[in-house]
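K.L.:
Residues per chain are reported as follows:
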Amino acid sequence: MSDLTTVAMTDYLVALLVLIGASFMLIGSWGLVKLPDFFTRLHAPTKASTLGIGATLIGSLIWFSVQQGSVHIHELVISIFLFLTAPVSAYMMGKAALHRHRPMITGTKNVKLAEKAARREGLKKPD
Amino acid sequence: MKRIFPMPIHSLMLTLVWLLLNGWSYGQLFLGLFLGLMIPIVAYPYVRGHTSVKKPLAMLVYLLLLLWDIVVANVDVARRILMPNKHLKPGWIAYPLSLQEDFPATVLASSISLTPGTVSVEFAEDMSCLYIHVLHLDNETSLKAFIAKRYEQPLKEIFGC
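Here the protein sequences line up with chains A and B, keeping their order. The numbering used here numbers the first residue of the first sequence as 1 and each following residue consecutively. The numbering used here numbers the first residue of the second sequence as 1 and each following residue consecutively.
Just so you know, these hints were derived from the structure itself, not from any lab. Watch out, some of these pointers could steer you wrong.
[Said to hold, decoys possible] Between beta-carbon pairs, the in silico distance windows are:
(1) B:L65 - A:Y12: 45 to 53 Å
(2) A:H74 - B:K149: 31 to 39 Å
(3) B:L64 - A:A22: 49 to 57 Å
(4) A:G107 - B:Q28: 50 to 58 Å
[Stated by the list, open to error] Simulated pairs of lysine-lysine, BS3-like, Cα-Cα distance not exceeding 25 Å:
(5) A:K109 - B:K89
(6) A:K109 - B:K55
(7) A:K109 - A:K95
Keep in mind the model is a prediction, meaning the values are calculated, not measured. We treat Cβ as the ideally placed atom computed from N, Cα and C, and that holds for glycine.
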């Protein structure tokens, strides 16, 4: 049993969370287009988008929990999976780009280190 | 017993996650229990000998801290995306790694990727360092000290190594 004010409060809270989520996702996508080289582009989707999707999912969680009067946990599980997989995919893409010698913008500091890392041989077989 | 339930906690969690995602019914419980039984049997050979969490409570504190850092990192990266590219000073650092075990090092690398404008890209062959790409590199030494104090030190305690 929820009175009018709590309904209005959840509406505002959910709206706020969804708006925050949408803005972060928009900025993340914009960063993907606008940043100068592959490695800087890698930062936009791993960070700005994780928070964006996280906020949207929490908004959805609150909305459906209040609507149906029971706790909806799907969204929480989805965000946990997202936080687990985002760094792994970023690592794999970064590694691939590094070994394929993708160009970096001029002015990147310590390019020597990247060259050193790229010279690394393939992974040793586990024993 | 060890053959049938190589990872009892994982079995329980898999069943629980299955039920959380599919809703409660006896049919789903049966399916969840089946998956919780089978997946660890298949996956066990790959994780045998991995370092396990020694302090679950410290792990929880670490995860909450990480969650906060993710929010801060997101705001920071969003700000840098909105600023013109010419203010950007990307760079590489080689972070001297003192964690040598596979699993803790993976957790560290993932934490680094999720937080302040850094993405871990490659491990050195002898695990002596972790190569990290930084979106905006200002002060290399303070960044290394920050990672050591905030992530690596707690992880060492959590995994007891």
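K.L.:
Please go over all the hints and tell whether each is borne out by the structure.
P.N.:
To see whether the hints hold, each was checked on the structure:
Take L65 (chain B) and Y12 (chain A): their Cβ atoms lie about 29 Å apart, and the range 45 to 53 Å is violated. Taking the beta carbon of each, H74 (chain A) and K149 (chain B) are about 36 Å apart, inside 31 to 39 Å as hinted. For L64 (chain B) and A22 (chain A), the hinted distance range of 49 to 57 Å is not satisfied, since their beta carbons lie about 25 Å from each other. In this structure the hint that G107 (chain A) and Q28 (chain B) lie 50 to 58 Å apart at CB holds, the actual value being about 55 Å.
Of the pairs offered as hints, the one joining K109 (chain A) and K89 (chain B) holds, with about 7 Å between alpha carbons and a cut-off of 25 Å not exceeded. This hinted pair does not check out: K109 (chain A) and K55 (chain B) have alpha carbons roughly 38 Å apart, beyond 25 Å. Our distance criterion of 25 Å between C-alpha atoms is met by K109 (chain A) and K95 (chain A), whose separation comes to about 18 Å.
In this structure, the earlier hints numbered 1, 3 and 6 are contradicted, and the remaining ones agree with it.
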